[in-house]
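S.K.: I would like the entire structure built from these sequences, with the hints used as guidance.
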Amino acid sequence: MAEFTAIFLPGNSSVCVPEGTTLLAAAAAAGLLLQTPCGGQGRCGKCLARVEGGVDAPTSLERRVLGPDQLAQGWRLACQARVAGDVAVTVPESSLITEHRIMVEGVERELTVLPNITKVGLDLPAPSVEDPRADLNRVLDALSGHVRPPTRIASLRALPRVLRQSRFQITAVAADGELLALEPGDTSENAYGLAVDIGTTTVVAYLCHLPTGKSVAVASDLNSQAQYGDDVISRIRIASSGAEGLAALSGAVVTVINDLIERACHEAGVPEEAIYELSVVGNTCMSHLFLGVSPAGLGSLPFVQVFRSAQTVRAADLGIGVHPEALVYLVPNIGGFVGADTVGVILASELDRSDGLRVAVDIGTNGEIVVARQGELHAASTAAGPAFEGAKITQGMRAAHGAIESVHINDDVKCHVIGDVSPRGICGSGLVDAVAELVRVGIITETGRMLRRQEVTGLPEKVAERLVENERGVAFVLARPEESFGGEGVALTGRDVREMQLAKAAIYGGMELLLEELGAGPADIEQLLLAGAFGNYIRRESARAIGLIPALPAERIESIGNAAGVGARLVLCSTEERRRAEEIARRVRHVDLSERKGFYDRFADAMMLRPLPSLQ
Amino acid sequence: MAVLDELKDAIISGNRDKAKQLTQKALDEGIDAKKIVVDGIAAAMEVVGEKFRSNEFYVPELLIAQRAMKASLSMMSGAEVDYVGTVVIGTVKGDLHDIGKNLVAAMLEGAGFKVIDLGVDVSPDQFVKVAGENSAHLIAMSALLTTTMGSMRDTIQALDKAGLKGKTRVIIGGAPVTQSYADEIKADGYAPDAASAVDRAKQLLPA
Numbered sequence: 000m001a002e003f004t005a006i007f008l009p010g011n012s013s014v015c016v017p018e019g020t021t022l023l024a025a026a027a028a029a030g031l032l033l034q035t036p037c038g039g040q041g042r043c044g045k046c047l048a049r050v051e052g053g054v055d056a057p058t059s060l061e062r063r064v065l066g067p068d069q070l071a072q073g074w075r076l077a078c079q080a081r082v083a084g085d086v087a088v089t090v091p092e093s094s095l096i097t098e099h100r101i102m103v104e105g106v107e108r109e110l111t112v113l114p115n116i117t118k119v120g121l122d123l124p125a126p127s128v129e130d131p132r133a134d135l136n137r138v139l140d141a142l143s144g145h146v147r148p149p150t151r152i153a154s155l156r157a158l159p160r161v162l163r164q165s166r167f168q169i170t171a172v173a174a175d176g177e178l179l180a181l182e183p184g185d186t187s188e189n190a191y192g193l194a195v196d197i198g199t200t201t202v203v204a205y206l207c208h209l210p211t212g213k214s215v216a217v218a219s220d221l222n223s224q225a226q227y228g229d230d231v232i233s234r235i236r237i238a239s240s241g242a243e244g245l246a247a248l249s250g251a252v253v254t255v256i257n258d259l260i261e262r263a264c265h266e267a268g269v270p271e272e273a274i275y276e277l278s279v280v281g282n283t284c285m286s287h288l289f290l291g292v293s294p295a296g297l298g299s300l301p302f303v304q305v306f307r308s309a310q311t312v313r314a315a316d317l318g319i320g321v322h323p324e325a326l327v328y329l330v331p332n333i334g335g336f337v338g339a340d341t342v343g344v345i346l347a348s349e350l351d352r353s354d355g356l357r358v359a360v361d362i363g364t365n366g367e368i369v370v371a372r373q374g375e376l377h378a379a380s381t382a383a384g385p386a387f388e389g390a391k392i393t394q395g396m397r398a399a400h401g402a403i404e405s406v407h408i409n410d411d412v413k414c415h416v417i418g419d420v421s422p423r424g425i426c427g428s429g430l431v432d433a434v435a436e437l438v439r440v441g442i443i444t445e446t447g448r449m450l451r452r453q454e455v456t457g458l459p460e461k462v463a464e465r466l467v468e469n470e471r472g473v474a475f476v477l478a479r480p481e482e483s484f485g486g487e488g489v490a491l492t493g494r495d496v497r498e499m500q501l502a503k504a505a506i507y508g509g510m511e512l513l514l515e516e517l518g519a520g521p522a523d524i525e526q527l528l529l530a531g532a533f534g535n536y537i538r539r540e541s542a543r544a545i546g547l548i549p550a551l552p553a554e555r556i557e558s559i560g561n562a563a564g565v566g567a568r569l570v571l572c573s574t575e576e577r578r579r580a581e582e583i584a585r586r587v588r589h590v591d592l593s594e595r596k597g598f599y600d601r602f603a604d605a606m607m608l609r610p611l612p613s614l615q
Numbered sequence: 000m001a002v003l004d005e006l007k008d009a010i011i012s013g014n015r016d017k018a019k020q021l022t023q024k025a026l027d028e029g030i031d032a033k034k035i036v037v038d039g040i041a042a043a044m045e046v047v048g049e050k051f052r053s054n055e056f057y058v059p060e061l062l063i064a065q066r067a068m069k070a071s072l073s074m075m076s077g078a079e080v081d082y083v084g085t086v087v088i089g090t091v092k093g094d095l096h097d098i099g100k101n102l103v104a105a106m107l108e109g110a111g112f113k114v115i116d117l118g119v120d121v122s123p124d125q126f127v128k129v130a131g132e133n134s135a136h137l138i139a140m141s142a143l144l145t146t147t148m149g150s151m152r153d154t155i156q157a158l159d160k161a162g163l164k165g166k167t168r169v170i171i172g173g174a175p176v177t178q179s180y181a182d183e184i185k186a187d188g189y190a191p192d193a194a195s196a197v198d199r200a201k202q203l204l205p206a
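If you read the sequences in order, they're chains A and B. Taking numbering that gives the first Met the number 0, the leading residue of the first sequence gets 0, the next gets one more, and so forth. Taking numbering that gives the first Met the number 0, the leading residue of the second sequence gets 0, the next gets one more, and so forth.
Please note that a few of the clues may not be correct.
[What the hints assert, rightly or not] Calculated lysine to any residue pairs in the SDA-like style (CA-CA distance at most 25 Å, straight line):
#1 A:K596 <-> B:K69
#2 B:K69 <-> A:R497
#3 B:K19 <-> A:T446
#4 B:K185 <-> A:K596
#5 B:K69 <-> A:V64
#6 A:K596 <-> B:K201
#7 B:K113 <-> A:E445
#8 B:K50 <-> A:V467
#9 B:K17 <-> A:D600
#10 A:K596 <-> B:I115
#11 A:K596 <-> B:H96
#12 B:K50 <-> A:R452
#13 B:K50 <-> A:T393
#14 A:K596 <-> B:D116
#15 B:K50 <-> A:R609
#16 B:K50 <-> A:V455
#17 B:K17 <-> A:E445
#18 A:K596 <-> B:I98
#19 B:K50 <-> A:K596
#20 B:K50 <-> A:V64
#21 B:K50 <-> A:D600
#22 A:K596 <-> B:L117
#23 B:K17 <-> A:P612
#24 B:K185 <-> A:S59
#25 B:K69 <-> A:R42
#26 A:K596 <-> B:A174
#27 B:K19 <-> A:R601
#28 A:K596 <-> B:M74
#29 B:K19 <-> A:T393
#30 B:K50 <-> A:E445
#31 B:K185 <-> A:R452
#32 B:K166 <-> B:K201
#33 B:K19 <-> A:D604
#34 B:K50 <-> A:R451
#35 B:K185 <-> A:L60
#36 A:K596 <-> B:S76
[To be verified] To be clear about the criterion: a stretch of chain B counts as covered by chain A if any three or more of its residues have a C-beta under 8 Å from a C-beta of chain A, and this derived list gives those stretches:
#37 46 to 57
#38 60 to 68
#39 88 to 97
#40 184 to 197
Calculated from the structure, these hints are not laboratory results. Glycine is no exception: its CB is placed at the ideal position from the N, C-alpha and C atoms.
M.R.: Structure, rendered in structure tokens:
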């Protein structure tokens, strides 16, 4: 088959690919990751690129998404267009996966430091005629019989060399009472672990000093599985398609974690080999993919997991670049898609020990909700969809540089943009803000319709002229072309409002239904915890005004940051917390919302863009 | 007929209580049930569909209008109604997401179809069996997950095997479904939303 050269601009990176390769695959080969929230199925229109030279004819999907004008100007969807000759591809910044902002800190709470990994410095007597004990016995005796012999042959083979090279001054490393490794000299203070939170969108890693339980470095990055689709269903589909798909997805997340290890270790000046254990949380799909276990059963009813309980495996078996004998502890799942990350949220916020009615919501692609009262716990996930992470919104983007994150309307519109740069899109918190403001000034009705300019009266002139109309319907211009990055302007369309409405109704309706399990309603919530990045950046007044969260007094709402990550740190540094996490996973009842009678009605009511619960 | 116009407006604006009252009033005035259905309910749902197509209405307005419609329709039970066609509807095997399917069912009902709703997680055999028993003109299938939409093909094949292909036609929809997918699995029709589903369903009825 013929090979052709594809040059990617503005970076000028080029790559040689066989005829028929998609531009998306060619870009990846050239080191460029393009946005593909729909998983490269040609539906979302986010992987736009401008093409000159040899490509095939536009597909029917592209004709629908792009329209004749864009096609005439050479715009194509990188996931659909295929190389048919030498080609130059200009990739606008809006199509690239770029730097982003996420939560790294989280609630801190008391914990008893009791790591699973223990290191003991030993100064052993050298063998003599009077004391000819076997090497292994010499070590184990010194540990006063609390530690079992190693189960791995490599440790035994290394034993005589390490002992003699270090003149019998060694450090024994044990995990859960089993001898894991021996190191020359006293390295007992040099013990580290890594807590990892694998999100559908981002991965965060905390490097922790095990003897003190302190976090010494944090690193985060996008989950590069995103190139296979933004939501878990797209990834399940790819993982179910065959061994190759599954390997690609699990390889992607391992690569990200290895990169984070390198960065965190570099920052803290810690060698990678000083990491003896990883603790990992993520939703059920992420947990499965991380271990390279097929999540196919989660793709359709009855949503069966391969495993639910905690798993301990060797880091080396997963290809993770830490100490060769290091272990990985995967926190147990709850049920359905509700996974270890939710166990982490419950552990960090101590919902398992609540007396009063407390609710935790993690708003993301998969919105998780937990309700707790007097030790009774119910959890559910809602397929809120990726609207709050920018996908499905015409000019939606993640919370990265150039994203409008807040909107105020008075005489005119004032937007705040992440990084104080020219705006190029809108992120989840900006979306909620914009809708709340537009409802307040009467441009969007409570049922969610964006009105035409002639339908609204009494608007300040500068606000009114931002309300525009084209062949695709009405839109509100947040940033005029001359104010924006790339000169296209940033607008919120009537359709975008509808997408957000569906997402927020899924979350609010789900919460209401889950509260019913406890015979309670939203007004009874004594404390509402907002977990995750979104929960931290969102303006609460806006979220309450449009009924994304219940209209509770401000003092009853608290942002708790990346609580799932805090949970991962807790189980890394304390075996007590580990047992508690396992108990939580057993105790929480998983509720499948879509099976519930009444979800349909709740969902309909929760669509209204007004403070909820309604007073009438 | 003033009361039917009022009923129509009540349904369009989703006022369930008023729709019920007005239906009762119409019945009390001795208006024929068929006439109430055609000039009140179906006329209202047609306007709702138009507003949906012009982007004035969306899912929330559809949901509340549909609740009002159902309330009105439920008072008509027992009355003789001339259906324009019979449709068997459900979400496919493995799929629980029924909001879109319910909307389509309601719009079809409002447009005068006899709707047999099999609910969620419907197997190919169930679809085919019920369609055969009721000599249905149409099977309408919905899937919201890319992982479950494959079951649509199975239903079409099962229909073929049962010798019903051609007698009962198939219309599909749902977020991941496209016209090209419909072509690929040889479905007779595809609709991107609830309003166009009604139009497409009417086109697929035997002349």
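S.K.: Each hint needs a verdict: does it hold in this structure or not?
M.R.: Going through the hints against the structure:
Using a Cα cut-off of 25 Å, the hinted pair A:K596 and B:K69 holds, with the two alpha carbons roughly 17 Å apart. For a cut-off of 25 Å, the pair hint linking B:K69 to A:R497 stands: about 24 Å separates their Cα positions. Annotation: proposed proximity of B:K19 to A:T446 holds, straight-line Cα distance about 22 Å (limit 25 Å). Taking the CA atoms of B:K185 and A:K596, the gap is about 34 Å. The hint is violated against a cut of 25 Å.
For the hint pairing B:K69 with A:V64, the CA-to-CA distance comes to about 36 Å; that exceeds 25 Å, so the pair is violated. Restraint check for A:K596 and B:K201: not satisfied, since their Cα atoms lie roughly 31 Å apart, outside the 25 Å limit. Of the pairs offered as hints, the one joining B:K113 and A:E445 is violated, with about 33 Å between alpha carbons and a cut-off of 25 Å exceeded. Of the supplied pair hints, the one linking B:K50 and A:V467 holds, its CA atoms being roughly 19 Å apart against a limit of 25 Å.
About 19 Å separates the Cα atoms of B:K17 and A:D600, which keeps this hinted pair within 25 Å; it holds. Between A:K596 and B:I115 the alpha-carbon distance is near 19 Å, which keeps this suggested pair within the 25 Å criterion. Restraint check for A:K596 and B:H96: the C-alpha separation of about 12 Å stays at or below 25 Å, so the hint holds. For the hint pairing B:K50 with A:R452, the CA-to-CA distance comes to about 18 Å; that is within 25 Å, so the pair holds.
Distance hint between B:K50 and A:T393 is fulfilled; the C-alpha atoms sit about 22 Å from each other, no more than 25 Å. As the CA atoms of A:K596 and B:D116 are separated by approximately 15 Å, the hinted pair is consistent with the 25 Å bound. A threshold of 25 Å between alpha carbons decides the hint, and for B:K50 with A:R609 the separation of about 22 Å falls inside it, so the pair holds. Restraint check for B:K50 and A:V455: satisfied, since their Cα atoms lie roughly 19 Å apart, inside the 25 Å limit.
Distance hint between B:K17 and A:E445 is fulfilled; the C-alpha atoms sit about 20 Å from each other, no more than 25 Å. At roughly 12 Å between alpha-carbon atoms, A:K596 and B:I98 fall within 25 Å of each other, so this suggested pair holds. This hinted pair does not check out: B:K50 and A:K596 have alpha carbons roughly 29 Å apart, beyond 25 Å. Using a Cα cut-off of 25 Å, the hinted pair B:K50 and A:V64 holds, with the two alpha carbons roughly 23 Å apart.
Of the supplied pair hints, the one linking B:K50 and A:D600 holds, its CA atoms being roughly 22 Å apart against a limit of 25 Å. For the given pair, A:K596 sits about 15 Å from B:L117 by alpha-carbon distance, which is consistent with the 25 Å threshold. Of the supplied pair hints, the one linking B:K17 and A:P612 holds, its CA atoms being roughly 23 Å apart against a limit of 25 Å. For the given pair, B:K185 sits about 17 Å from A:S59 by alpha-carbon distance, which is consistent with the 25 Å threshold.
Annotation: proposed proximity of B:K69 to A:R42 is violated, straight-line Cα distance about 34 Å (limit 25 Å). Restraint check for A:K596 and B:A174: the C-alpha separation of about 22 Å stays at or below 25 Å, so the hint holds. Simply put, B:K19 and A:R601 have alpha-carbon atoms about 21 Å apart, close enough for the 25 Å limit, and the pair holds. Between A:K596 and B:M74, the direct Cα distance comes to roughly 23 Å. Compliance with the 25 Å bound is thereby established for this hinted pair.
Straight-line distance between C-alpha atoms of B:K19 and A:T393 comes to about 40 Å, which puts the hinted pair past the 25 Å bound. Taken as a hint, the B:K50 and A:E445 pair is honoured in the structure, with Cα atoms around 17 Å apart against an allowance of 25 Å. Of the supplied pair hints, the one linking B:K185 and A:R452 is violated, its CA atoms being roughly 44 Å apart against a limit of 25 Å. A C-alpha spacing of about 15 Å is found between B:K166 and B:K201, which places the hinted pair at or below 25 Å, so the restraint holds.
Of the pairs offered as hints, the one joining B:K19 and A:D604 holds, with about 19 Å between alpha carbons and a cut-off of 25 Å not exceeded. Restraint check for B:K50 and A:R451: the C-alpha separation of about 14 Å stays at or below 25 Å, so the hint holds. Our distance criterion of 25 Å between C-alpha atoms is met by B:K185 and A:L60, whose separation comes to about 18 Å. As the CA atoms of A:K596 and B:S76 are separated by approximately 23 Å, the hinted pair is consistent with the 25 Å bound.
Coverage of the stretch 46 to 57 of chain B by chain A holds. Counting CB-CB distances below 8 Å, 4 residues qualify, and the rule asks for three or more. A stretch counts as covered by a chain when three or more of its residues have a beta carbon under 8 Å from one of that chain; for the stretch 60 to 68 of chain B and chain A the count is 4, and the coverage holds. Beta-carbon proximity to chain A at under 8 Å applies to 6 residues in the stretch 88 to 97 of chain B; the threshold of 3 is reached and the given coverage holds. For a cut-off of 8 Å, the count of residues in the stretch 184 to 197 of chain B with a CB near a CB of chain A stands at 0, and the three-residue condition is violated.
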